[in-house]
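Chains as they are written, first to last, in my numbering: chain A, 696 to 1456; chain B, 120 to 571.
Fair warning: there could be bad hints in the mix.
Label-pair ranges, simulated between beta-carbon atoms [said to hold, decoys possible]:
#1 B/Arg148 x A/Thr878: 51 to 61 Å
#2 A/Ala1357 x B/Asn288: 22 to 32 Å
#3 A/Asn1038 x B/Arg148: 44 to 54 Å
#4 B/Thr197 x A/Glu1044: 46 to 56 Å
#5 B/Ser302 x A/Glu1318: 31 to 41 Å
#6 A/Leu1033 x B/Arg148: 33 to 43 Å
Interface residues of chain A toward chain B, partial, derived using beta-carbon atoms under 10 Å [said to hold, decoys possible]:
#7 Arg1384
#8 Ala1413
#9 Phe1414
#10 Asp1418
Chain A side only, calculated, beta carbon under 8 Å to chain B, not exhaustive [stated by the list, open to error]:
#11 Gly1387
#12 Asp1415
#13 Phe1416
Hints in this document: simulated from the structure, not taken from any laboratory.
Ideal Cβ placement from N, Cα and C applies to all residues, glycine included.
Residues per chain are reported as follows:
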Amino acid sequence: MTNELSNMKPDFTPRIIPCGEIRAFQYAGTLASELESGGMTTEDALLILEDMLIIREFEEMIVKLRSGAYEPLVGYDYRGPTHVSIGQEATAVGACFAIDPKDYITSTHRGHGDSIAKGTVAIRAMDEAQLRSRIPESTATAGEELTEEALEDHIFRTIAELFGKEAGYCKGRGGGMHIADFTAGHLGANAIVGGGVPISTGAAYSSRYLRNGRVVCCFAGDGAYANGVVLECLNWANQSQFTNHLAKECKQGLPMIFFVVNNHYAMTGRSDEEVLGIDFIARRGCGFAENNMHAEVVNGMDVLAVREAVKRAAVGCREGTGPYLIEVDTYRYYGHSLSDPRNEYRTREEEELWRALDPILSLKEQLLRNNVIEQAAIDDIHLRVEARNARAAVRASEAADPDASDVIKYLYTDTTSEEVPESARNAPSNGGVEIVRKEGNLTYKDALKEALYEEMLRDRRVIFYGEDVADYGGAFKVTKGLLEAFGRERVFNTPISEAAICGTAVGKAMTGLRPIAELMYMDFALMSGDTISNQASKWHYMSGANAELPLVYRVSVGGGKGYGGQHSQTLESVFAHIPGLYVVYPATPYDAKGLLKSAIRTNNPVMFIESQITYNFSGPVPEEEYLIPIGEADVKRAGTDVTIVTWGPALHDVLKAAATLAAEGTQAEIIDIRTLVPLDKETILNSVRKTGRCVVVSHAVNIGSYTGEIASTIMAEAFDFLDAPVLRVGAANGIAPQSHILEKAFLPDEADILAAAREVL
Amino acid sequence: MGQMIIMPKLGQTVEESTIVTWRKNEGERIAKGDIIFEIETDKAVLEVESFYEGTLLKVFVQAGETVPVSVPVAFVGTPGDEIPDPSAGAPKPRPAPTPLSNPPSSSSPAPAPQPPATTETASAPKLSDPQPRKTTDSPERQAISPRARALVRRMAIDAANIKGTGLTNRIVEADVLEYLRTSRYDELRVTPAAVRLASREGIDVLALPPPPPGERIRVSDVERALEERPQKLSRMRQVIAARLTQSYTTTPHFFVTVGVDMTDLIALRTEHKANGGTYTVTDFILQSVVLCLKDFPALNSRTDGESVEWSSTVNLGVAVSLDEGLVVPVAHRAGDMTMAQLNERVRELVGKAREGSLKPDEMKGSSFTVSNMGMLDVENFTAIINPGESGILAVSSTRETPAVIDGEICARSIMKITLSSDHRLVDGATAAKFANAIKSKLEDMDLWQTLM
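Excised from the complex, chain B in its bound form (with noise of 0.2 Å):
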């Protein structure tokens, strides 16, 4: 008797996940608590350990597949154990989660934030899906005889070109010749290293820039477009693309722009580093955040179009760039901290966003995301707002900048900060007041008195 192994369930809301690497191979014995494999869900990779001891028998999914939730990928037990079908009862996909368009029941409770459709690779086939796979004649998978694949991939071409008049308008060889002739492959003058070349690594001579006259297509500008062919883009990107996207082009954004005065802010923090303290000036800036977000409901809010839902605490989503893309981990409930633990909870988010090992739900239901460039020299950006939220605050660097004050010309540090407002919901003079109501709290040494 052996125990199933099963794509686990790291979220609330995570419905499917990709294996990033096996950390034990087939046959190797695991111990409880060894760690069997790694997942990556919308937003980190985590580590899955074995609640089981045995040996890994079999390996069902295969690193780089992704799998719905709770199907079995892989089957511990002792060697010589029947390894049992992954296919019988395992779940069935489920449906795609609601999408937030859907009109909510105006009874039901404020839903948990959903992650938008558009993440799902709904229709990716499922190991559990009932129907046999299709290898041949399905409609998405151009049919081409053996013979004629031999030729293309000969020819280095692209088969994607041939319209195939076989049996079930399969490419067979004479309509790569036909292609072959219309498309003057004769009077390609091309190298046989590179022809070999691109065979081997797919690409299409045909496609390749031609050459200048009296030279020919060679080795190095296979090369050359071999290192320009689009590469898939990790999981992370494709995640940020799409939800970037679905905001970008569902959410009317519009900017408001204000430069804060950061002099006394940064003369009153470098005092509190040299006794000993931790808050950075971005913990000042998140507290002021949190301060404003409480006096304007309409920014801690969101919107489908149709309804509005206002959250009655601050859960702070704060964006963390890292090499491989960019991540939000939310502090929940911020609202509801002291500025001290506002800090520590935030410099434990980004520590575990650092190292890849956020829980999904800590990337999930931010309500207003802030996004601190200050340390990257920038004068002035705008972000785009978080889906489910309705702003972002892009903070600027700080900089030396020429004010006048009582009628003088001095040098003070002037931060901006630009506030992207869902316009649906917020409305210029709202956005106004919000981005002014911040410099006012950074710029009020009394408050931070009272607060540090």
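Just chain A, with the same shape it has in the complex (with noise of 0.2 Å):
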């Protein structure tokens, strides 16, 4: 197979580029007009009203609660966020109604309306198993009665997170601002604004590539649209390498629906006339599609509209015509919160004129004037919704808290991909991909190919993407040939946009898929601080161990190359201070395979940090299939006297010292730490056990690092065992200087290891 070269000639023809039009508020139908198409059943129009009214319902508790008012429980102490979406309610339910049951949605802090909309839209189209699963515990019969329960049961799961109950949907970790339910495809709500805009395009990627015709719709606000990661994800998003002549056989736009619920304000700073520089946000479609993304603007108080737009776009979507851009135009009654009074940013008058077109009264209106329903019928559904929701909470209220000592229960999960399903095995490949081996040996770089190339053959589940890693093979050449193995949908060059390169990965190991994400160099997983430590880390734990998050970040360490201060650093202990991530950082060839392969297969989420340092170092790797467990030092020399504990590229400058010092007559016990979490502590404390005296040695510099987590936790664990104080050798506290003489007083090499030793010795 051969790379696809471009051909792109000059050409400087003067001319004007057309940006289109943008459709708003085009729908001309009503409740009427609906009906009478067959657009929509009376059954639909009242089950609408009914989820409008169970969401209004619920938020009004919230509110209630806090100030005691609410009846069923008076007194109750709610503790937790107050994001309330009333007015907003078209928005939600209008969506979730014009997309499947199967869909996909991300939510937002002000996500209660869609999180209850997307539940009951998909347990309504339940079959009795998978109710059941739901309620096993229900004595209801079956149909409507049990459907009835496993309703009654979603608000009561909803109500128990945001009490922070073991009954939650996230089980009490996440709370309403990051509620999800996987199984009715709700893949969570997100308090970081735009957090879930590249979650939802690593899903749509996910639908596209396993070809299930799941539909992404992604719930943000008008806020989240001046958000890096958030436009990043519209360019993404529209990649001409998904439609065009790269694409062969799979010429599909991502599935996904950028949904701007458009309430005016980001928090409280305007939209309109303040924070943004347009005045309609469906025009950011024009700047990242030749098709302007089929942006329209809708009325959002307007469900019927809402829900018109929506099934338009999902057809479209599962045509191959994706991405769309829906901005509806919406208004939240109350503040951000209910500690926001508002009067200081907008007026009464303003909001009356909102509360006038409000999407309940507004449908209620049409359903009587229609002769739909009868009032008595419309007050039959508000008490019920009433009664119901009132049950839940009260049940809610009553339930278990979570123990105590679980607090850090979920962190991790300790499941793997031991077994592949039928469908993802046996991917096809067109071989070639070079591997020198010489006497059995194999350097880094081809022993991390090799890892890649093994695992993706057994896997089909198993992406690699990155920055200029598919034709050019990487910046370092470590995946030259997978793309001419496995082809453009597993090995895919990105656009420049960290955070969405590590937020997509987040969204696709929650949708099936076990993304490898690389980035060229470490400095620039700074760029994706949110995606890394906010999404792929909480995601499993917030979620109450209802998400796996299966991915790996491939992250390459620069530094010894004279590059300076934005690509040399190592910052493993950055990311070993962030709960939810495992953090690899193998120094040989034989441990680079056998960890990036327990990293692929591992469902956490893995930093592997590797060094350019070392990805020419050759060493022994077995042809035969092995994995190293992620969490298992290796004692790269035996001794007697003193314990070096290293890890990544300072291993090789910790074997010269320690043939310096053996031939001086002191052993030293060399462990190589490998994966810093999770962190092998016996293995250390054993040796010091042993030998009495430490030195800790890295390439991170010493403020902060992660050798000074080891140093502490020998001091509390084996401190009657040694024999002098433990010592660190990092980079000096300092930034990596260009200057070749700098940067070689810059990071710690033999000689300072000498030093250290010998000062403990």
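These two chains come separately, so use the hints to put the complex back together.
Here it is, written out as structure tokens:
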């Protein structure tokens, strides 16, 4: 297979670039016309009303709880956020009624409505087996009774999550701002503004790759559309390579709806005349796709208009013409939260204008006007909703709190992809990946490539992407040949969008793929601060273990090449400080291959760190398959006199130092921890108990380094075995300089290790 | 706003005190007048009352600790008050009081007697020391690695005997192993239980007497060593030790003994008692001493070897034996008192001494002391001069003794008194005259008829 070569010719022909037009408020339908045309059934209309009422009732409960006025729970102390969406119900219900129950959503901190509506729609579509698995203890016979119980359970588990109860959707670990129900296709509300957008984008890629027809509706507010990762995702989702000749047989745009819930206030910042430069966010579509992303603006107070627009977009997505951008114009009656009195930034007169267009009132009015239902029946629905919510709230308030001793339960999963499902086995490959094995030795680079190749062969769910990793084979040629072997659906280049590179991996991992994302330099991981640290690392815990995130971030450390401060950092300590991530840093070809394979197979997110210093180091790597367990240190050299704990490229200097010490009669024991998190404490402690002396060595700057964590662990758990203080060797507490002379002084070397070892001996 | 409770200065010359017990615990309510804690000064235990109402929020100085006066020891306030830093604003440690050996300025009036410098623990760290306390590598503390210390503890040996060769001469494991080898620890026969006990109690098994051949050191051997292990002297005994050592090693003592015929006085006192009188034999002795001191200024003076200070009145010290040691309350201006007044004052002081409630000033400033062991059935004894005095009278038991009167042998009640004198001020003849003057007074019934 040959590479696709660009053949771009200079073209400076004078021209005008058309920007097309964006439709706004074009929906002319009414309830009557929808019913008449068969666009909607009476039953649906009533369910839409009911769901909007559930949401309104639910959020009014939160408001009342705060002032002690919720009668079913007088005196209940609700501790948690109060970002209510009262006024916006048409956006949540309209969108969720327009997509299929199997489709996905991501939501926001103001996402009670999205979460409730996604659940009710999904539950009503479930068969008996699915319902019974949600409520296994139910004694309901079947049919409506079972559905009704599942609906009440849905409200109960939602409120229980807000109340931080073990019975909540996320076992009280997430709360209202991180509520998720993966069984209903809800990939999570997100308390980071814009945080759900890369997750949706990744999930849409899964749908495209798996060809499962699942559309992703990404709820995000006007505030999010000024956020970096969101703009990255708008571009990401519209990449030409998904639809042009590069896509070969899969010319499918991402099946994603960028559903912009424009309530006009980003907390309090005014999107209209203050913090944005455009009147309609739908204009964003022009900047990212030739088709303007089919962008349109819809009346978000009209549930019928919202539903109609999303329905069209969902159809388009399934036909491969995604992504779509739908801006819904809506309004939140309350402030950002209940602590926001609103009067600093808007008028009560403005609020009244919007309240007059209340989506629930206007639907009721249309139902009555068209004689679909009588007032008494509407009152019945209302009473039913009220009673159901109250029962759920009382049950939730009485539900068990989580056990305090389980405070970090669900941080990690112990599951792996030991068994590849039938459908993902035997991935097709064009072969031809060049791996040079000399007398049983591989370079570190080829060891990585062999691991990637073997795992991608083993499991079709494993995909790999990053900047310049495809045709070019990566900036350091680690992945040369993988594109040729597996094709562009599984190996592709990305825009220079590190936040989206790492963030889309989260969505992919949540929806059935096992992504490996490469960051060319570890320094760039700081561009992905949120997507790695708030999303990838936290979702297993925040979802109460309902989501697993089998993903690997391969990051490369450039230190030692004179690349200066922004391409030389070894930041493993930063990520070791983020609970929820595994942090792996192998130093030898053998460890690199065995650990990368384990990293790909674990269902935890892994920061897999490689040093460019070691890429060309050669070492024995057996041809037969092997795995190295994550969290197991390796004694690289046995000794009796001093323990040297290290990882990454520092190992090679430590080995030299040990040889020098041996010539002097001192036997150093070298422990390569290989993984920082989880840390193999016992191997370290056993060695220190034997030698009584320890030096911890890494290339990281000492301040805040994980070397300190290890020293402190030794102090706490093996103090009485110490014959000398534990010393650390790291880089100077400064910034990596470009000058070769300075960088040599900056990085620790054999002499520094020897000096520290001699000091403790 | 709370209040700092400071270490009170309960005597003119007290520089520091030890907290004996806290009568209130942190968190307890305190009313004005409640006893908060007890302190021990050189010679007495005193109760400290609260001037404040509130809650005892924080104790800075624990029982057993010694701090200078005026140093904050606790904080009283309302719960929630911020507890101030006790070291802020605390007075600087005072310089050690000028010892007597410093030549006093000739123009200044006679200084109040100062406690000897040896009673000060001037080198002990003070709370208000501005220097942070060093916990490691201080020259007086032998550094030892945790690993070596664990081995020392496990082996039940004393690290003080081990030379450190690690960084900054820290004792490291290798040093302990070397020490064990050279001290032939391997050959030591000791039961594991004995090692465990010794390890726990910090007994050095190498210092235990070697067991008889064929036997091992047992738990009972360690227990014996534990019983014999030096115990710290009480503060009172330390003060006694310091003061008496100072006196006995710097004051040239000599002793004069006379026998006093107490027959008539005992008869007189028996009759006095039968009539409801309160004078004891001691009162007669004390009164005699007071009277004689007026005639013998050398014995009511003191010297540092270079100058002499005479006291114009008699401040009479009376040694009182307590279970935990010895105190000497002082009847100030005894020379200006009637016998009845002296009797009353001494009775009061002895009572307070037995209760431990003497104030520091009531134990300072004596010019001469009487130590009476009459009730303890002793033939004769000598006493050590209290520092700052030139003599002490040791009074022994009164015994029926054959005596010759008018050529006839008859039984008389004879009491031996021994005067210890500072030879720098008092010569043998003076001492002999003084002792005999006391004897004369005690045997002079006419005198007592006028004084009683």
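Status of each hint after checking the structure:
1. B/Arg148 x A/Thr878: 51 to 61 Å: 59 Å, holds
2. A/Ala1357 x B/Asn288: 22 to 32 Å: 27 Å, holds
3. A/Asn1038 x B/Arg148: 44 to 54 Å: 48 Å, holds
4. B/Thr197 x A/Glu1044: 46 to 56 Å: Holds: the Cβ-Cβ distance is about 51 Å, inside 46 to 56 Å.
5. B/Ser302 x A/Glu1318: 31 to 41 Å: 59 Å, violated
6. A/Leu1033 x B/Arg148: 33 to 43 Å: Holds, since A/Leu1033 and B/Arg148 (Cβ atoms, about 41 Å apart) stay within the stated range.
7. Arg1384: Given a least distance of 9 Å, the restraint on A/Arg1384 holds.
8. Ala1413: 9 Å, holds
9. Phe1414: 5 Å, holds
10. Asp1418: 4 Å, holds
11. Gly1387: Holds, about 4 Å.
12. Asp1415: 4 Å, holds
13. Phe1416: 5 Å, holds
Checked against the numbered hints given earlier, the structure breaks only hint 5 and satisfies all the rest.
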